[in-house]
Amino acid sequence: DTAVSQTPKYLVTQMGNDKSIKCEQNLGHDTMYWYKQDSKKFLKIMFSYNNKELIINETVPNRFSPKSPDKAHLNLHINSLELGDSAVYFCASSQPGSQVLDTQYFGPGTRLTVL
Amino acid sequence: DQQVRQNSPSLSVQEGRISILNCDYTNSMFDYFLWYKKYPAEGPTFLISISSIKDKNEDGRFTVFLNKSAKHLSLHIVPSQPGDSAVYFCAASYTYNNNDMRFGAGTRLTVKP
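Those sequence lines, one after another, are chains P and W.
For the first sequence, the working numbering gives the first residue as 1, with consecutive numbering after it.
For the second sequence, the working numbering gives the first residue as 116, with consecutive numbering after it.
Treat the hints as calculated values from the structure; they're not laboratory data.
Everything numeric in this text was worked out from a predicted model, so none of it was measured.
Built from N, CA and C at the ideal position, the CB exists for glycine as well.
Just to be clear, a hint being listed does not mean it is correct.
[Claimed, not checked] Here are the computed lysine-lysine pairs in the DSBU-like style, where the Cα-Cα straight-line distance is at most 35 Å:
#1 P:K22 - W:K171
#2 P:K36 - W:K169
#3 P:K67 - W:K227
#4 W:K227 - P:K9
#5 W:K227 - P:K52
#6 P:K22 - W:K183
#7 W:K169 - W:K186
#8 P:K19 - W:K169
#9 P:K71 - P:K22
#10 W:K171 - P:K40
#11 P:K19 - W:K186
#12 P:K67 - W:K169
#13 W:K169 - P:K40
#14 W:K227 - P:K36
#15 P:K44 - W:K169
#16 P:K41 - W:K227
#17 P:K67 - W:K171
#18 W:K186 - P:K36
#19 P:K71 - W:K227
#20 W:K186 - P:K44
[To be verified] Per the computed footprint, the stretches of chain W lying under chain P, defined by three or more beta-carbons under 8 Å from a beta-carbon of chain P, are:
#21 129-138
#22 215-224
[Stated by the list, open to error] Pulled a few chain P residues facing chain W out of the computed Cβ check, cut under 8 Å:
#23 V4
#24 K41
#25 F42
#26 L43
#27 I45
#28 K52
#29 I56
#30 P61
#31 F64
#32 T103
#33 Q104
#34 G107
#35 G109
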């Protein structure tokens, strides 16, 4: 029944490795997002995808790449991991243009630790 | 450049009393504001929102007040309950469909029995 799910929940890896975080939503939403919660606890948007089209890409290093195989999935690939990538990453989805205020629904987060 | 600020990292109140969480923003172009609630090991969940054409929105025990001239909003919880203990994030958006939300750093609310 989980609306937005992420795997893995925890990810510990070495500097320089390449890793992926998966996100799936079963809400039928058209738009999905990736956020990074940094050490100061700010939630910052990284990417926004609508119908498999990138619509927001904040100043994120190109080592980060979102991949959307279909409308229900938006995976986050990270190449050449760095210490500063350690954070909690949240996936979210929303349905823009709906009659009610279209809030974003968040996944539980993935805590990434780069050693 | 944090456009949405929650200057109080934590707040502690007694059960039954009012909790007031504050949020300030710098960009006058924001026209839609939201509060999210987050429990440990979970993602944020939507709580209540307000558009810039209103100055108050109420939903049960939760009321959000918006003062556009002061670029300030607040969330009031009355009466506070222990289950309200969580981190509360304020967010602001330029557009109705909030594709580009900016979040504050959150305020940890603790409601003591």
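Results of checking the hints against the structure:
1. P:K22 - W:K171: violated, 38 Å
2. P:K36 - W:K169: holds, 30 Å
3. P:K67 - W:K227: Judged against 35 Å, a Cα distance of about 44 Å means the pair is violated.
4. W:K227 - P:K9: Satisfied, since the Cα-Cα distance of roughly 30 Å is no more than 35 Å.
5. W:K227 - P:K52: violated, 46 Å
6. P:K22 - W:K183: violated, 39 Å
7. W:K169 - W:K186: Judged against 35 Å, a Cα distance of about 13 Å means the pair holds.
8. P:K19 - W:K169: violated, 45 Å
9. P:K71 - P:K22: holds, 13 Å
10. W:K171 - P:K40: holds, 30 Å
11. P:K19 - W:K186: violated, 40 Å
12. P:K67 - W:K169: violated, 38 Å
13. W:K169 - P:K40: holds, 31 Å
14. W:K227 - P:K36: holds, 31 Å
15. P:K44 - W:K169: holds, 26 Å
16. P:K41 - W:K227: It holds: about 24 Å lies between the C-alpha atoms, which stays within 35 Å.
17. P:K67 - W:K171: Violated, because 40 Å separates the two Cα atoms, which is more than 35 Å.
18. W:K186 - P:K36: holds, 25 Å
19. P:K71 - W:K227: violated, 43 Å
20. W:K186 - P:K44: holds, 20 Å
21. 129-138: Coverage by chain P is violated for the region 129-138 of chain W (0 residues, Cβ < 8 Å).
22. 215-224: holds (count 7)
23. V4: holds, 7 Å
24. K41: holds, 5 Å
25. F42: holds, 5 Å
26. L43: holds, 4 Å
27. I45: Since chain W brings a Cβ to about 7 Å from I45 (chain P), closer than 8 Å, the hint holds.
28. K52: Violated, because the Cβ-Cβ distance from K52 (chain P) to chain W comes to roughly 15 Å (cut-off 8 Å).
29. I56: Interface hint status for I56 (chain P): holds (6 Å vs cutoff 8 Å).
30. P61: Constraint on P61 (chain P) not satisfied, violated at 18 Å.
31. F64: violated, 18 Å
32. T103: With Cβ-Cβ at 4 Å, under 8 Å, it holds.
33. Q104: This hint holds: Q104 (chain P) lies near chain W, its Cβ roughly 7 Å from the closest one there, short of 8 Å.
34. G107: Cβ of G107 (chain P) sits 5 Å from chain W, so the hint holds.
35. G109: holds, 6 Å
Hints 1, 3, 5, 6, 8, 11, 12, 17, 19, 21, 28, 30 and 31, counting from the list given before, are not met by this structure.
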